[in-house]
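From first to last, the protein sequence lines stand for chains A and B.
With our numbering, the residue at position 345 of the first sequence is 345, and numbering never jumps.
With our numbering, the residue at position 24 of the second sequence is 369, and numbering never jumps.
For the record, the hints were derived by calculation from the structure and aren't laboratory data.
Think of the CB as a built atom: it goes at the ideal place given N, C-alpha and C, for glycine as much as any other residue.
Certain hints may be false.
Stated by the list, open to error - In silico lysine to any residue, SDA-like type, Cα no more than 20 Å apart, as pairs:
id : chain 1 : residue 1 : chain 2 : residue 2
1  : B       : Lys542    : A       : Arg106
2  : B       : Lys542    : A       : Val53
3  : B       : Lys542    : A       : Asp94
4  : B       : Lys542    : A       : Asp101
5  : A       : Lys130    : B       : Ser531
6  : A       : Lys177    : A       : Pro131
7  : A       : Lys130    : B       : Leu552
8  : B       : Lys542    : A       : Arg169
9  : B       : Lys418    : B       : Val564
10 : B       : Lys542    : A       : Ile105
11 : B       : Lys443    : A       : Glu73
12 : B       : Lys542    : A       : Lys17
13 : B       : Lys443    : B       : Lys542
14 : B       : Lys542    : A       : Met90
15 : B       : Lys542    : A       : Ala74
16 : A       : Lys130    : B       : Pro557
17 : A       : Lys311    : A       : Pro323
18 : B       : Lys542    : A       : Arg104
19 : B       : Lys418    : B       : Leu620
20 : B       : Lys542    : A       : Glu73
21 : A       : Lys130    : B       : Ile533
22 : B       : Lys443    : A       : Ser83
23 : A       : Lys130    : B       : Met556
24 : A       : Lys130    : B       : Arg628
25 : A       : Lys17     : A       : Glu73
26 : B       : Lys443    : A       : Val53
As the list claims (entries may be wrong) - Stretch-level coverage of chain B by chain A, calculated; a stretch enters the list once three of its residues show a Cβ under 8 Å from a Cβ in chain A:
id : region
27 : 531-541
28 : 545-557
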Amino acid sequence: MAEVRVENLTKTYGPLKALDAVTLDFRDGGFFGLLGPSGSGKTTLLRAIAGFVIPDDGRVLIGGEPVERVPVEAREIGMVFQSYALFPNMTVADNVAFGLDVRRIRGAERDRRVKDVLDLVQLGDLGQRKPHQLSGGQKQRVAMARAIVTRPRVLLLDEPLSALDKALRVEMQVELKRIQREVGITTIFVTHDQEEALTLSDEIGILRNGRLVRHGPPREVYNNPRDAFTARFLGEANLFSGSLEAGGLRLPDGALIPGATTAMVAVRPENVQVSASEPSGPIRLRAEIRRRIFAGAMGTLILDRHGEPIKAIARDSEFAELPDNGRVWLSWREGSAIPVENAPN
Amino acid sequence: MASAILRRDRLRALTLLSPAYLWLTVAIFLPLSAMVFFSVLTDVPFGDREWHLTAGNYQAFLETGTYARLLWKSLQLGATVTALSVLIGFPCAYVLAKVVRGRSREALFLLVVLPFWSNSLVRIFSWAIVLRGNGVLDRAVNAVLPWPVKLNLMYSQSAIVIGLVHSYLPYVILTSYLALQAIDDSLIEAARSLGAKRLTILRRLILPLSMPGLVAGAVLIFVPVVGSFMEPRLLGGRLGTYYGTLIEDQFVAVFNWPLGAALSFILLAVVLVILGLASPILRKARL
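Could you put together the complete structure from these sequences and hints?
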């Protein structure tokens with residue numbers, strides 16, 4: 001177990017900067033989620049920590065020790081691949097024991113550790129199966145067991161749950177978190193699923209075009225995204241921009257958002273209140289209802305404000321008395337408008 | 346109702362398969378049956394020759410030690426050529442599948458397949474030019490080494506093996522290449538992340554996973570090499586008497602088709618027995 005640090009990490013593929021001077025600390029024992037759209041460099045960062053990608057510049061430190069020149073097989077890492085990469089010619093037990101065999105851990109010690117880790121991932125009685133006889137969730141558990149049995153200094157997960165269906169994914173998220181807590185290994189995982197990142201991580205990092213845009217505890221980043229990209233990427237956000245005045249933010253159509261201190265603010269859809277009658281508060285915007293989406297308990301309203309789409313989410317019953325089409329009022333409580341910077345591309 | 350549909354499906358399947366069955370009948374079953382028939386005759390049933398049924402051709406194999414000795418010699422040749430082809434071909438296939446990428450892979454592939462596209466007779470005579478005394482190889486070695494060496498590989502066991510390995514190498518390279526290509530790179534990465542070095546990865550992952558291709562290639566080589574006659578005759582000269590040349594002589598020179606046919610079927614039987622004995626090992630290699 002160890003903390004991981006990358007410093008000024010840079011990797012280019014031809015004209016493309018996959019990693020652009022990324023500096024980031026991964027706390028010892030923490031669960032760290034790397035998030036970003038495809039091509040943002042999140043997988044490259046993970047593979048650079050693993051040693052499969054050799055950076056052009058910068059440093060990778062595991063437990064304070066620089067490892068840029070240490071080959072993958074000597075870095076003492078555990079890795080779970082998107083495809084699980086279980087060895088098809090070996091049984092589950094032999095798959096799990098592979099790392100122990102390599103370290104010449106034999107006999108009773110080997111058997112005990114394989115049994116313990118299979119119990120930990122709740123596959124105690126499947127040791128003699130071959131990988132092709134397992135379900136997706138079971139393969140995932142074997143991959144996890146194989147990666148942690150050697151007690152690596154850091155555990156790297158590359159989109160570990162993306163191959164599972166939704167119900168199983170939620171179940172495995174809980175499992176993953178439980179296993180990580182029990183073994184306490186510093187864990188870094190890559191995902192494009194923001195909900196997964198928010199659920200699992202102690203800390204998240206958001207990458208875009210090879211740069212680290214934002215990092216911190218999920219709640220903090222979600223509540224205070226600071227820039228338009230993060231606001232939109234992590235959760236959903238309605239963005240309002242205009243010119244800053246003494247009283248607040250003046251939108252192009254003349255409406256004023258009082259109290260705003262930046263030229264752009266983001267409002268989460270769940271904070272947008274929609275009403276047929278004029279609200280009493282200081283924030284009053286007009287919009288037209290375009291579409292109503294019913295999704296069980298929650299309902300989504302797509303509105304139009306001078307050609308700009310706006311999204312509102314609430315319990316479906318709250319939208320009940322609204323007209324299907326026509327003009328309505330938008331408002332939100334003061335403090336719901338998050339000041340953000342317009343992110344450069 | 347269901348049985349009617351089943352019957353109709355079966356009829357349709359039969360109709361669709363009939364060209365294949367017809368082809369198999371004409372191209373394989375009929376000639377092979379004719380040869381089985383010839384092998385139990387005293388003489389070829391052409392013209393007004395006298396013939397009757399006999400088991401004598403098969404007895405001849407058991408009574409004459411020479412035939413069995415030649416068969417043993419051919420089996421050894423088959424084993425040697427197969428072993429060498431695997432030893433040379435598998436690393437080549439590995440480099441092709443896992444090391445080189447893009448255009449250079451295509452170029453290398455062309456070089457591998459080239460022997461297939463050249464006439465085998467031309468190929469063998471080219472080897473004769475290379476291997477003979479004062480030939481290409483002899484001169485090249487003498488040009489490099491400061492002391493004179495007499496290098497005449499022509500008309501030797503080595504010449505036969507070199508010629509055969511060159512002819513059959515593409516089989517093992519191609520079958521191994523396909524098997525290696527099917528191994529996901531993430532498996533190798535996973536093994537590395539668990540601390541495995543190259544040799545461990547080769548022994549515990551790559552070899553077991555590519556074994557089916559390797560074995561298929563070995564079988565494709567072993568069977569025809571045991572019956573080969575052209576390479577032994579042209580490159581082996583006086584030493585080049587093998588079971589294959591023996592059979593060829595019966596058909597081409599001595600005109601004893603019945604004995605030639607009988608010897609062929611004995612070879613077929615022996616090869617089948619060997620493959621049968623090896624099949625438990627082969628099946629294990631297939632996971």
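We went through each hint and held it up to the structure:
1. Lys542/B / Arg106/A: holds (18 Å)
2. Lys542/B / Val53/A: The hint holds at about 17 Å.
3. Lys542/B / Asp94/A: The given pair, whose Cα atoms are some 17 Å apart, holds under the 20 Å limit.
4. Lys542/B / Asp101/A: holds (12 Å)
5. Lys130/A / Ser531/B: Holds. Lys130/A to Ser531/B sits at ~18 Å (cutoff 20 Å).
6. Lys177/A / Pro131/A: violated (23 Å)
7. Lys130/A / Leu552/B: With Cα atoms ~18 Å apart, Lys130/A and Leu552/B stay inside 20 Å; holds.
8. Lys542/B / Arg169/A: violated (33 Å)
9. Lys418/B / Val564/B: Within the cut-off at roughly 18 Å; holds.
10. Lys542/B / Ile105/A: Holds, because 16 Å separates the two Cα atoms, which is no more than 20 Å.
11. Lys443/B / Glu73/A: Measuring from Cα to Cα gives roughly 18 Å; hence the hint holds.
12. Lys542/B / Lys17/A: violated (31 Å)
13. Lys443/B / Lys542/B: This hinted pair holds, its Cα atoms lying about 16 Å apart.
14. Lys542/B / Met90/A: Measuring from Cα to Cα gives roughly 18 Å; hence the hint holds.
15. Lys542/B / Ala74/A: holds (9 Å)
16. Lys130/A / Pro557/B: holds (18 Å)
17. Lys311/A / Pro323/A: With Cα atoms ~16 Å apart, Lys311/A and Pro323/A stay inside 20 Å; holds.
18. Lys542/B / Arg104/A: Cα-Cα ~13 Å, so holds.
19. Lys418/B / Leu620/B: holds (18 Å)
20. Lys542/B / Glu73/A: Satisfied, since the Cα-Cα distance of roughly 7 Å is no more than 20 Å.
21. Lys130/A / Ile533/B: With Cα atoms ~18 Å apart, Lys130/A and Ile533/B stay inside 20 Å; holds.
22. Lys443/B / Ser83/A: Status holds; Cα separation ~19 Å.
23. Lys130/A / Met556/B: Distance of about 18 Å is within 20 Å: holds.
24. Lys130/A / Arg628/B: Status holds; Cα separation ~16 Å.
25. Lys17/A / Glu73/A: violated (26 Å)
26. Lys443/B / Val53/A: holds (17 Å)
27. 531-541: holds (count 10)
28. 545-557: holds (count 5)
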